[in-house]
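2 protein chains.
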Amino acid sequence: MNATTPVSPLAPESFPALPAVAGVRLATGACGVKYEGRTDVLLAELAPGTTVAGTLTQSKTASAPVLWCKECLPDGAARALVVNSGNANAFTGGHGRKAVEGTVKAVADVLACRPHRVYAASTGVIGEPMAYERIVEHLEGLGSDLAAADTAAIWEAAARAIMTTDTFPKGASRKVSIGDVEVSIAGICKGSGMIAPDMATMLGFVFTDAKLPAGVLQAVLSPAIGRTFNSITVDSDTSTSDTVLLFATGAGSAHAEITSVDDPALDTFKVALEEVLLDLAHQIVRDGEGATKFIAVTVTGAEDDSAAKRIGLSIANSPLVKTAIAGEDANWGRIVMAVGKAGEAADRDKLAIVIGGVPVAEVGAAVDGFDETPVAQHMKGQEIDIAVDVGIGDGRATVWTCDLTHGYIEINADYRS
Amino acid sequence: MNATTPVSPLAPESFPALPAVAGVRLATGACGVKYEGRTDVLLAELAPGTTVAGTLTQSKTASAPVLWCKECLPDGAARALVVNSGNANAFTGGHGRKAVEGTVKAVADVLACRPHRVYAASTGVIGEPMAYERIVEHLEGLGSDLAAADTAAIWEAAARAIMTTDTFPKGASRKVSIGDVEVSIAGICKGSGMIAPDMATMLGFVFTDAKLPAGVLQAVLSPAIGRTFNSITVDSDTSTSDTVLLFATGAGSAHAEITSVDDPALDTFKVALEEVLLDLAHQIVRDGEGATKFIAVTVTGAEDDSAAKRIGLSIANSPLVKTAIAGEDANWGRIVMAVGKAGEAADRDKLAIVIGGVPVAEVGAAVDGFDETPVAQHMKGQEIDIAVDVGIGDGRATVWTCDLTHGYIEINADYRS
Numbered sequence: 001m002n003a004t005t006p007v008s009p010l011a012p013e014s015f016p017a018l019p020a021v022a023g024v025r026l027a028t029g030a031c032g033v034k035y036e037g038r039t040d041v042l043l044a045e046l047a048p049g050t051t052v053a054g055t056l057t058q059s060k061t062a063s064a065p066v067l068w069c070k071e072c073l074p075d076g077a078a079r080a081l082v083v084n085s086g087n088a089n090a091f092t093g094g095h096g097r098k099a100v101e102g103t104v105k106a107v108a109d110v111l112a113c114r115p116h117r118v119y120a121a122s123t124g125v126i127g128e129p130m131a132y133e134r135i136v137e138h139l140e141g142l143g144s145d146l147a148a149a150d151t152a153a154i155w156e157a158a159a160r161a162i163m164t165t166d167t168f169p170k171g172a173s174r175k176v177s178i179g180d181v182e183v184s185i186a187g188i189c190k191g192s193g194m195i196a197p198d199m200a201t202m203l204g205f206v207f208t209d210a211k212l213p214a215g216v217l218q219a220v221l222s223p224a225i226g227r228t229f230n231s232i233t234v235d236s237d238t239s240t241s242d243t244v245l246l247f248a249t250g251a252g253s254a255h256a257e258i259t260s261v262d263d264p265a266l267d268t269f270k271v272a273l274e275e276v277l278l279d280l281a282h283q284i285v286r287d288g289e290g291a292t293k294f295i296a297v298t299v300t301g302a303e304d305d306s307a308a309k310r311i312g313l314s315i316a317n318s319p320l321v322k323t324a325i326a327g328e329d330a331n332w333g334r335i336v337m338a339v340g341k342a343g344e345a346a347d348r349d350k351l352a353i354v355i356g357g358v359p360v361a362e363v364g365a366a367v368d369g370f371d372e373t374p375v376a377q378h379m380k381g382q383e384i385d386i387a388v389d390v391g392i393g394d395g396r397a398t399v400w401t402c403d404l405t406h407g408y409i410e411i412n413a414d415y416r417s
Numbered sequence: 418m419n420a421t422t423p424v425s426p427l428a429p430e431s432f433p434a435l436p437a438v439a440g441v442r443l444a445t446g447a448c449g450v451k452y453e454g455r456t457d458v459l460l461a462e463l464a465p466g467t468t469v470a471g472t473l474t475q476s477k478t479a480s481a482p483v484l485w486c487k488e489c490l491p492d493g494a495a496r497a498l499v500v501n502s503g504n505a506n507a508f509t510g511g512h513g514r515k516a517v518e519g520t521v522k523a524v525a526d527v528l529a530c531r532p533h534r535v536y537a538a539s540t541g542v543i544g545e546p547m548a549y550e551r552i553v554e555h556l557e558g559l560g561s562d563l564a565a566a567d568t569a570a571i572w573e574a575a576a577r578a579i580m581t582t583d584t585f586p587k588g589a590s591r592k593v594s595i596g597d598v599e600v601s602i603a604g605i606c607k608g609s610g611m612i613a614p615d616m617a618t619m620l621g622f623v624f625t626d627a628k629l630p631a632g633v634l635q636a637v638l639s640p641a642i643g644r645t646f647n648s649i650t651v652d653s654d655t656s657t658s659d660t661v662l663l664f665a666t667g668a669g670s671a672h673a674e675i676t677s678v679d680d681p682a683l684d685t686f687k688v689a690l691e692e693v694l695l696d697l698a699h700q701i702v703r704d705g706e707g708a709t710k711f712i713a714v715t716v717t718g719a720e721d722d723s724a725a726k727r728i729g730l731s732i733a734n735s736p737l738v739k740t741a742i743a744g745e746d747a748n749w750g751r752i753v754m755a756v757g758k759a760g761e762a763a764d765r766d767k768l769a770i771v772i773g774g775v776p777v778a779e780v781g782a783a784v785d786g787f788d789e790t791p792v793a794q795h796m797k798g799q800e801i802d803i804a805v806d807v808g809i810g811d812g813r814a815t816v817w818t819c820d821l822t823h824g825y826i827e828i829n830a831d832y833r834s
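As you go down the protein sequences, you meet chains H and P in turn. Every letter in the first sequence is one number past the one before it in the numbering used here, and letter 42, counting from 1, is 42. Every letter in the second sequence is one number past the one before it in the numbering used here, and letter 286, counting from 1, is 703.
Extracted from the complex, chain H is given alone in its bound form (with noise of 0.2 Å):
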């Protein structure tokens, strides 16, 4: 948002080369809802018959465009995606949702469909009324600018649209077999916080043209969701507005009918959908704010997968633990505190901790005779892993996350002012 803020220093070389999606046709304008001189508002056209699926944010104050499109996703049918930055639309009362039926009915009159075929999601400041009326008047002209979404050039204009505090556009893609015929996944995505409610809200729109029930869709969706975006955190806050959104347009080269989530010819396409949500994730925590450095926490020998995620985010969430990795110190005595106060069970005396791949802790206590020169060679990277056994049974999780430095507190502490 701020031109002056530096790309992320890990950020991806350069956006990815995202395939032709049949069935979708984007275009972005600039309407003013709070910037000035770049584009914020994102509209994207879907072909009749797109089934979606969707995760919201579980958030007891979430904004009116989560609760709009909780209220549209049961019928599983989408025809456009609507979707701004500079204003989230969040904790407005009743203009709010004025102002959510006001976008998507102007944006079904364009598209001629259904209001609640438009799906709508907003990004930045919260408490604030928003100017919708500034989007509804470029709808015409947005209407007009739709183009297929054949081009890289298209998907990286989209997902700038839709970043706030983002330092980079970020994209991913797979293209996959549905038995012999060739499908293609691209999807986009914003946020460097899991969260930040005034900016930096996580919000991911991914497209395919297989043709997939929209049960299907979202029995394909929700569990990959769980391995990637809520296995993600910068610093533990959760957005009144996070949201992903999974659009299947049906439009690609015809395949065989799929009708159960279990059916084997969709076993590729799982893999690289969790795949494509796994890399705009992790994209999400490289422009994390302030971050330095890209962290994997893998746990294992929890009691099952889910005391592992949490043991693994109590770890990842420790602001003891992010500080000593800005500083570059093994500083696993934090890790085993974190641990401590997951509150999942855990064997004091047969945790063991590997830092880098180096040893670090065993059974219970300091590897004898260590020698840190490794540990702090790996530390002084840009890609840090801990692994950790906590010696109980077969549960194993991994999430990421980034350091806490003084840019997530000079970004925080100055943002609104």
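For the record, the hints were derived by calculation from the structure and aren't laboratory data. Remember, it's a predicted structure, so these values are computed and weren't measured experimentally. All clues given are correct.
Below are the DSS-like pairs computed for lysine-lysine, each with C-alpha atoms no more than 27 Å apart in a straight line:
id: 1; chain 1: P; residue 1: 767; chain 2: H; residue 2: 98
id: 2; chain 1: P; residue 1: 767; chain 2: H; residue 2: 70
id: 3; chain 1: H; residue 1: 350; chain 2: P; residue 2: 515
id: 4; chain 1: H; residue 1: 350; chain 2: P; residue 2: 487
id: 5; chain 1: H; residue 1: 34; chain 2: H; residue 2: 70
id: 6; chain 1: P; residue 1: 515; chain 2: P; residue 2: 451
Keeping the supplied structure of chain H fixed, place chain P upon it in accordance with the hints.
What follows is chain P alone, placed relative to chain H:
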């Protein structure tokens, strides 16, 4: 610990004048467990007949002295307390148990009591075998140095011996009557994070010369801890070593016998004890690593008191709320977010937020024609008051925290190296 660390700007003017507590004798010594040139061991001798109650960390990786205290507490009887700073004796495997047993046995020998009457606590670096022999060597001398806890200087010396990253010694006291007999309550504590596993563990020790059965003592202590030490947070981290012990020597002037926690003669004692605990807990927040603001968060209108406390802690632990306050920014949108993520019932459309006595948001949206000037003025002060009503029921709670500043990052990113 670091002689150059400035005293917290939120510190009290001076150490308070703690009163004599009959039946308590104290000695401090410089044993060189880790630190040079300062005291690092506190020995307290308690009169025969002293009862004890305690609350100890729920951490699954609890330290050896915590496990020892948990083993002793069911007896409800104490003759001594030994505390060292510099090494937490946590995650030290079999050696940890040996160290605590060696220490308490040496104390028991000097004071001619059973080892299980000797309570122990350790705070400092974790994962390093503790040089407990250095304490043992000094115990004869410490035994000779024991002096009645009847001057403010003796109490202050005790509070200083247990400090780690603390920037000031912490004490609080009350004189109160049971029936018409005056008794004293005096407490000391240390901690400058809810925890930092290296150094900032919270330890609190409170002494009274009242005569109270151990069961009554525990029944008085537990609920008060919930509203005091368990209602503060600096960084949401939980120590391997957190310990609060309450000793009643029964050596003061004789008062009416108390056999039940519900005895009305105990009412003023309960209030006074809670005041001492709250005073100590607040001092820990005021010494929070890098703290520049003391923040009280009061939540009303929750489903019940527990729900209110969880919402309060969600606000108080949010890095985004804490950094906004560090930046003197009345960013109430982040408070809305933190309410939402707490997972407790909240009515988005009734939510009201008051900062420094000024309504900021009500009925689920910003206050009409809100003038930010008085709130901005409040944010510049050292004492920040946030009140949130979530519009559901009668549950209420207050929690306390500090802001999240560059100072926190500096202290924790660079500590061990």
